[in-house]
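Each chain, letter by letter, is given below.
There are 4 protein chains.
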Amino acid sequence: MNPTNIEFLNLNREKVIRDPVHNYIHIRQKIIRNLIDTPEFQRLRRIKQLGTTSFTFPGAEHSRFTHSLGVFEITQTICDNFEQNYKSSSSQDGLWDDSNRLVALCAALLHDVGHGAFSHIFEDIFHTDHEKITGQIITDPTTQINQVLSEIDPKFPAEVASIIDHTHPNQQIVQMISSQIDADRMDYLLRDAYFTGTDYGLFDLTRILRVMLPYEDGIAFLSNGMHAVEDYIVSRFQMYQQVYFHPASRGMEAVLILLLRRCQYLYQHEQLTKDFSPELLIPFFEGTFTLQDYLNLDDQVISTYLIYWRSHSDPILCDLVNRFLDRNPLKSVQYHHSQNDLIQKLSELIEEAGYNLKYFTLKNFSKDLPYDAYHPNAKNPQTQIEIMLPNGNLKELSEQSPLVKAIAGKFQIDHRFFFPREFLRRDEFMAKTNLTNSKKIAIFEEFQRIIQLF
Amino acid sequence: MNPTNIEFLNLNREKVIRDPVHNYIHIRQKIIRNLIDTPEFQRLRRIKQLGTTSFTFPGAEHSRFTHSLGVFEITQTICDNFEQNYKSSSSQDGLWDDSNRLVALCAALLHDVGHGAFSHIFEDIFHTDHEKITGQIITDPTTQINQVLSEIDPKFPAEVASIIDHTHPNQQIVQMISSQIDADRMDYLLRDAYFTGTDYGLFDLTRILRVMLPYEDGIAFLSNGMHAVEDYIVSRFQMYQQVYFHPASRGMEAVLILLLRRCQYLYQHEQLTKDFSPELLIPFFEGTFTLQDYLNLDDQVISTYLIYWRSHSDPILCDLVNRFLDRNPLKSVQYHHSQNDLIQKLSELIEEAGYNLKYFTLKNFSKDLPYDAYHPNAKNPQTQIEIMLPNGNLKELSEQSPLVKAIAGKFQIDHRFFFPREFLRRDEFMAKTNLTNSKKIAIFEEFQRIIQLF
Amino acid sequence: MNPTNIEFLNLNREKVIRDPVHNYIHIRQKIIRNLIDTPEFQRLRRIKQLGTTSFTFPGAEHSRFTHSLGVFEITQTICDNFEQNYKSSSSQDGLWDDSNRLVALCAALLHDVGHGAFSHIFEDIFHTDHEKITGQIITDPTTQINQVLSEIDPKFPAEVASIIDHTHPNQQIVQMISSQIDADRMDYLLRDAYFTGTDYGLFDLTRILRVMLPYEDGIAFLSNGMHAVEDYIVSRFQMYQQVYFHPASRGMEAVLILLLRRCQYLYQHEQLTKDFSPELLIPFFEGTFTLQDYLNLDDQVISTYLIYWRSHSDPILCDLVNRFLDRNPLKSVQYHHSQNDLIQKLSELIEEAGYNLKYFTLKNFSKDLPYDAYHPNAKNPQTQIEIMLPNGNLKELSEQSPLVKAIAGKFQIDHRFFFPREFLRRDEFMAKTNLTNSKKIAIFEEFQRIIQLF
Amino acid sequence: MNPTNIEFLNLNREKVIRDPVHNYIHIRQKIIRNLIDTPEFQRLRRIKQLGTTSFTFPGAEHSRFTHSLGVFEITQTICDNFEQNYKSSSSQDGLWDDSNRLVALCAALLHDVGHGAFSHIFEDIFHTDHEKITGQIITDPTTQINQVLSEIDPKFPAEVASIIDHTHPNQQIVQMISSQIDADRMDYLLRDAYFTGTDYGLFDLTRILRVMLPYEDGIAFLSNGMHAVEDYIVSRFQMYQQVYFHPASRGMEAVLILLLRRCQYLYQHEQLTKDFSPELLIPFFEGTFTLQDYLNLDDQVISTYLIYWRSHSDPILCDLVNRFLDRNPLKSVQYHHSQNDLIQKLSELIEEAGYNLKYFTLKNFSKDLPYDAYHPNAKNPQTQIEIMLPNGNLKELSEQSPLVKAIAGKFQIDHRFFFPREFLRRDEFMAKTNLTNSKKIAIFEEFQRIIQLF
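Protein chains in written order, with full-length UniProt numbering: chain A, 1 to 454; chain B, 1 to 454; chain C, 1 to 454; chain D, 1 to 454.
Simulated from the structure, these hints should not be mistaken for lab results. There's no promise every hint is true.
As the list claims (entries may be wrong) - One side of the interface only, derived from the structure: several residues of chain A facing chain B at Cβ under 8 angstroms:
(1) N23
(2) Q42
(3) T198
(4) Q300
(5) A442
(6) F444
(7) E446
Claimed, not checked - Computed spacing ranges between beta-carbons, pair by pair:
(8) B:A442 to A:T167: 48 to 56 angstroms
(9) A:R425 to B:Y244: 38 to 46 angstroms
(10) C:Q452 to D:S90: 47 to 55 angstroms
In this text, a Cβ means the ideal position worked out from N, Cα and C, and glycines have one as well.
Work the whole structure out from these sequences, hints included.
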């Protein structure tokens with residue numbers, strides 16, 4: 001596409017959207033406005049960015065819609081900087097060719113469009129894959145997104161999709177959207193910090209964008225901005241520790257997993273739909289869902305079905321549904337392999353108290369790799385962060401920063417065993433279970449004894 | 001209730017909730033924790049604070065849940081200040097009696113608990129009243145909120161409700177929660193400013209709380225903090241102008257009103273429920289809803305039904321539903337009585353283009369009274385803001401502040417006529433309507449001509 | 001100067017300076033870097049932006065140096081916006097001609113370079129005029145600023161000076177730097193708010209800059225940004241009321257005025273320089289100062305002389321010096337003409353207590369005109385703020401905004417009578433004066449009685 | 001002192017001071033107000049917190065006065081929290097005894113009162129010691145600070161001083177004011193971040209104060225707040241790297257050191273005071289200064305003398321003075337021991353160009369220990385940061401935090417060799433030196449060649 005066409009594609013007048021993180025989102029191209037106006041993109045308003053985290057940080061009710069706009073805005077700023085300071089003048093100079101701007105912006109805007117209701121949880125239970133679906137939404141001719149993109153060029157949708165699945169030949173664009181320091185991560189850290197009200201996620205975005213530069217094989221950072229990059233890595237590390245791994249949010253996730261697991265069991269045994277049929281979910285129980293079925297689902301539909309199921313005839317489902325709607329998260333204990341026998345004992349006590357372990361306990365873990373240098377033989381090799389020294393040489397970040405070295409390459413893993421809250425609250429426990437009082441007391445006290453051993 | 005009992009009611013250890021506006025919400029009493037844990041209060045997580053405003057300011061996805069916690073926290077800070085600086089030592093001294101703290105805190109927390117899905121819109125169509133329902137939720141023995149409150153004392157729920165409906169004899173508590181400068185308004189201005197990302201709603205909360213003091217008949221403000229109060233009034237004025245009255249949000253409201261109006265018509269003509277029955281809404285169509293029916297509804301249920309109706313057999317409903325889900329607000333023009341004939345002409349053109357005026361146009365207005373002095377003979381006399389001079393005399397705010405005087409007593413009213421967006425976009429209009437091309441062009445151009453006259 | 005030359009004048013690489021208000025100041029031209037490096041500009045580091053205000057708001061220690069950089073940065077952003085969105089293509093189209101950028105930037109940077117130590121106070125006592133001196137510094141061939149500017153073109157200094165004294169024919173540049181909503185005021189409001197720690201001065205700079213546009217006779221604002229402009233006017237009004245007029249800062253100003261008045265008296269009577277001669281001030285006592293004498297003076301020199309005078313043989317000077325260095329402001333009472341006889345009585349009591357009225361009391365006033373429409377026959381007619389309606393017509397701001405109308409054209413004047421603090425503190429008063437105890441008590445109590453009458 | 005006396009010492013009404021970092025400083029005791037009003041404390045207004053840093057970060061013009069108020073406010077908040085949550089009920093319970101509040105507050109307020117003009121630089125040249133002088137100001141009966149403190153009790157000044165020199169038996173108070181995470185460091189990090197406009201120094205003060213608790217031997221932190229403590233350590237580390245070690249500020253320090261070194265030489269050779277005698281500095285040249293001499297000096301006096309010396313007859317002094325006043329920092333290169341021979345070569349070139357090495361070059365280093373565990377045998381053993389586990393056991397911070405472990409115990413040292421700027425700027429160099437052109441070029445190019453080798 002030549003620059004004249006791009007000119008033609010511009011809006012007569014820039015449109016702005018207020019955003020608390022970037023102040024304004026600036027929309028200059030018709031295609032961007034039209035993509036935002038599609039049903040597939042508007043659907044992101046109905047999907048929370050952080051799933052169950054708002055049960056712990058109640059301000060975190062922001063959607064994937066605002067995040068997607070934020071990734072777009074950061075990408076646009078990167079393009080503006082590259083165009084102003086590192087404009088390519090020949091195809092081999094390793095600088096920025098602004099004819100790639102439009103594909104970069106579209107990929108940035110659309111990178112999350114395949115996310116589903118309560119994404120990871122839903123994916124685990126129903127074996128969907130949001131990245132694959134993002135690709136489908138972009139390339140399937142039935143979607144409005146595809147139709148808007150195709151107006152540029154029939155091959156344009158496939159090019160946008162190739163950025164998102166990392167197969168595009170231009171690594172500058174790929175790394176802008178997806179790397180260890182990309183527009184996606186930078187937006188979500190700032191945004192999640194803003195809406196949760198924590199400070200951990202803050203770093204100096206303006207500075208990072210100023211020292212970012214394109215080179216032949218991707219993106220690097222001037223060494224005089226190295227500390228801002230370091231600060232970003234540390235912020236990210238802390239957000240995982242403090243917000244994303246929070247045990248109470250994960251306790252709510254656990255309830256949702258168990259609840260959907262129970263639904264599926266009931267569906268398979270024809271006990272789910274007796275009074276009420278959750279039509280929009282059935283294709284997923286059946287494993288026959290279409291792209292349109294997928295796009296009909298969102299957080300709010302699931303929540304509505306739960307309201308119907310508050311009085312379902314299956315007591316296990318009822319119990320779990322009410323725990324979820326009324327925010328009664330499973331409690332948990334952090335454990336190590338070597339403590340498996342203790343977990344076994346806790347499980348036995350829970351079963352003895354009359355609970356079905358399959359639907360009231362869960363072993364689960366959270367995992368993050370804060371930063372990693374490039375290991376060509378690794379399973380999923382990461383693009384490492386390159387620092388450009390004043391003499392033009394590149395050096396990998398953790399070689400330069402002792403702080404980053406300290407956390408690089410080390411997975412943060414948090415294994416937890418989840419169980420009902422009443423096992424830590426005597427009054428609730430006594431009121432809830434069906435045994436004799438003395439039996440109850442014995443179980444409760446033994447549980448407390450063991451839990452102290454972790 | 002005597003202080004010893006209150007002591008007994010405290011949590012062993014203060015619990016905190018992160019909040020981006022007040023940093024932390026501090027929970028010290030068991031009863032407050034238990035109220036937050038009730039299903040009726042948790043339901044507020046599923047009701048947006050600003051309804052359709054997030055279609056214009058996409059960050060504004062915050063719920064009435066966080067707002068209610070914020071009003072609670074401000075009220076608590078007021079009580080702390082009053083207890084520290086203006087502690088009553090005899091029943092007639094007009095100072096603060098801290099035995100009222102608990103009732104104040106409960107009223108603050110619960111003041112919005114009766115809000116329904118998309119509140120004003122829903123109320124208009126189905127003739128519900130969120131203030132009355134708040135009272136019912138507090139006093140009806142079937143709710144968990146009532147049960148938690150009754151543990152303090154069987155009369156306690158009624159006392160809490162009397163704060164909210166302004167009939168409580170102690171005007172200090174009433175004005176804390178509900179007056180022209182109360183914990184409710186102060187929280188929502190700051191919160192809405194934060195989540196929309198605008199600066200208009202900012203004012204110096206710390207300063208206002210420091211100069212607030214109780215007196216015999218209510219609450220006053222030391223004159224050395226008068227400018228902070230003035231700033232609050234101006235901020236409120238600007239938030240109404242800039243955010244709450246925003247034409248695009250109101251265009252989305254218009255779609256929702258017309259859509260529910262159409263649903264009701266279809267229900268009355270037995271055409272709504274053919275494929276799918278919106279069970280949770282039917283009691284409202286029938287006019288026979290119970291308190292539990294009311295509590296089952298939230299923004300998300302409505303949104304889910306709309307997804308079902310995307311392919312409803314009624315084309316008018318379909319059209320409106322898709323406008324709402326995909327954010328296609330009605331456009332509008334601001335008008336004055338004297339321009340009714342122009343509105344009439346616009347309406348005729350819309351009808352001529354094949355639209356049913358009843359479901360595709362709307363006259364509507366927004367209204368606010370930024371501040372008012374007390375007019376004892378007015379319909380709804382307002383409690384005026386009192387400034388306490390150094391000599392102890394009280395003076396009404398607008399007598400002291402020329403800025404406030406300028407806007408006091410003047411209603412801000414914004415009358416608008418709403419119509420489909422395609423009447424301003426030639427391409428969409430040509431694609432949409434069913435007439436001959438020349439007819440379309442004639443209608444469209446005449447419409448543009450008239451709209452210029454406003 | 002043609003664009004090629006400008007290109008030539010650019011730095012190889014943009015230089016940035018951290019600034020808490022604008023995040024970064026971006027320096028792109030060699031001439032700007034060189035101007036910042038001159039002694040005359042560096043001297044602004046030694047002159048506080050707000051004079052004695054830091055005695056009341058201790059964070060407000062910022063200098064005219066950072067303010068000047070801020071005005072430069074805002075002006076640069078305005079030029080960038082104008083160049084991008086309103087680029088002139090013919091000399092008569094009323095749009096922005098970017099060949100004016102350099103003169104605009106230089107004028108912005110240098111507009112305050114003639115400010116002296118404790119500016120207004122010094123000017124009153126020694127009859128200097130900082131605006132005239134700014135012009136001299138720019139046009140006098142002995143200054144380095146002049147030499148740097150002359151490298152562009154021998155006529156360039158005069159052109160820069162003509163922006164600052166408003167005689168330049170291009171009103172767009174003049175109004176950018178100097179009007180009722182200019183880069184100067186916008187920077188100082190935000191900056192003073194930041195460093196004092198108050199919120200009053202905050203407004204939405206980004207929004208205002210986005211809606212600013214050039215037209216034939218100056219600068220206007222798009223009507224969709226009218227509320228941001230309104231907010232700026234209100235912020236400015238509140239900063240005057242809350243910060244700039246603060247009685248304690250003005251009480252410190254009063255001490256400084258009386259102290260310099262006493263110095264001058266002593267100098268004229270050859271009693272000032274007996275032990276120590278304040279060389280850098282003497283040209284001002286003599287009325288024979290040169291431009292270089294003026295540039296040698298700053299806040300810090302004055303402060304150093306005061307330290308020398310702590311033990312001066314004149315008791316009046318000693319007393320005043322210690323009040324200033326140790327922050328003991330004169331107290332004051334606000335009064336109206338009609339209360340002149342009460343002021344007279346207070347004065348008599350102060351004299352009776354042994355104070356020389358000429359050096360221990362002061363009548364003074366602060367005055368501001370928050371906003372005014374254009375009055376062609378006024379003494380100093382103001383350029384009014386123009387709002388550009390969607391149809392392209394201009395309307396004066398206060399016609400559009402009821403808030404601004406409320407404060408437009410009304411001078412805020414605050415007349416005060418200043419006197420020593422001990423007249424309000426019994427212990428200090430009793431310790432200080434030389435009379436019999438009963439006499440002292442009589443004077444003190446009569447003073448308190450009268451002061452209550454204001 | 002018993003609580004009744006404390007009550008007696010309170011102000012009738014709390015006084016507040018606006019502060020941009022803590023919003024308000026709250027002053028409740030007469031003694032605190034009176035200490036702030038002393039000349040010794042007011043003098044801190046005339047001493048910059050960060051010395052020459054404002055030459056690099058121009059917003060950083062804040063004084064030790066505001067920092068001292070900030071340390072006071074943080075200490076007060078700690079006392080409030082301890083009093084509310086950890087009140088001692090017997091002398092052996094290791095909890096907080098609030099009768100220590102006053103001594104803690106006074107020590108917090110006064111901990112920096114002995115700081116002199118450009119402190120470290122001045123100390124190096126004139127062999128003064130600000131910590132010792134702080135003690136003298138507090139305990140010497142001629143100071144007003146001593147007189148105010150003595151009103152409480154004749155032994156009170158000595159008790160306050162013993163907090164500051166760490167000899168007080170109560171380690172809780174000592175650690176509040178002086179440890180690896182104390183009110184002093186917490187205030188300066190936040191304050192320096194605010195005034196420089198960087199984000200590095202930000203951390204969650206509210207959270208840290210909430211998890212701080214007293215125990216028998218000092219102060220610990222609840223483990224659920226460990227990450228906030230970790231964030232503070234990282235912030236501190238980054239402020240040192242980014243702000244405190246900034247080469248340009250250190251280049252200005254170098255100028256000042258060399259300049260004072262030259263002054264001292266000239267004084268010893270009776271060439272300094274020919275035209276003008278810097279009276280307030282002479283006691284320091286003579287080594288005979290009194291406490292009052294020390295208190296008469298501040299940043300501003302030094303700056304004033306420099307203005308006098310702009311035209312001093314000694315060309316070396318002139319040159320250095322103008323470099324300082326007009327912000328022309330020495331440039332520098334970072335080096336390692338092993339590169340001493342390269343430094344030697346640079347020095348020879350500088351000498352060859354006609355510069356006196358003693359006054360135009362400097363080897364200097366910056367050093368910081370970001371955090372350290374306790375090493376009882378170390379020279380200056382540090383109090384380590386203790387984390388209190390849920391079971392009540394204490395664990396040293398770096399054992400719990402991999403991030404902190406990464407930087408603990410490792411000194412950050414930055415050795416630099418400073419030299420005049422013209423050695424990096426061809427034009428300036430050619431204009432400045434006195435040699436033949438070809439000689440100049442040879443020296444300059446050889447210098448560039450060597451500097452590339454570092």
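How the hints compare with the structure:
1. N23: Interface hint status for A:N23: holds (7 angstroms vs cutoff 8 angstroms).
2. Q42: Holds, because the Cβ-Cβ distance from A:Q42 to chain B comes to roughly 5 angstroms (cut-off 8 angstroms).
3. T198: holds, 7 angstroms
4. Q300: Cβ of A:Q300 sits 4 angstroms from chain B, so the hint holds.
5. A442: violated, 25 angstroms
6. F444: violated, 19 angstroms
7. E446: violated, 24 angstroms
8. B:A442 to A:T167: 48 to 56 angstroms: Since B:A442 and A:T167 have Cβ atoms about 52 angstroms apart, the given range 48 to 56 angstroms holds.
9. A:R425 to B:Y244: 38 to 46 angstroms: holds, 43 angstroms
10. C:Q452 to D:S90: 47 to 55 angstroms: About 52 angstroms separates the Cβ atoms of C:Q452 and D:S90, which means 47 to 55 angstroms holds.
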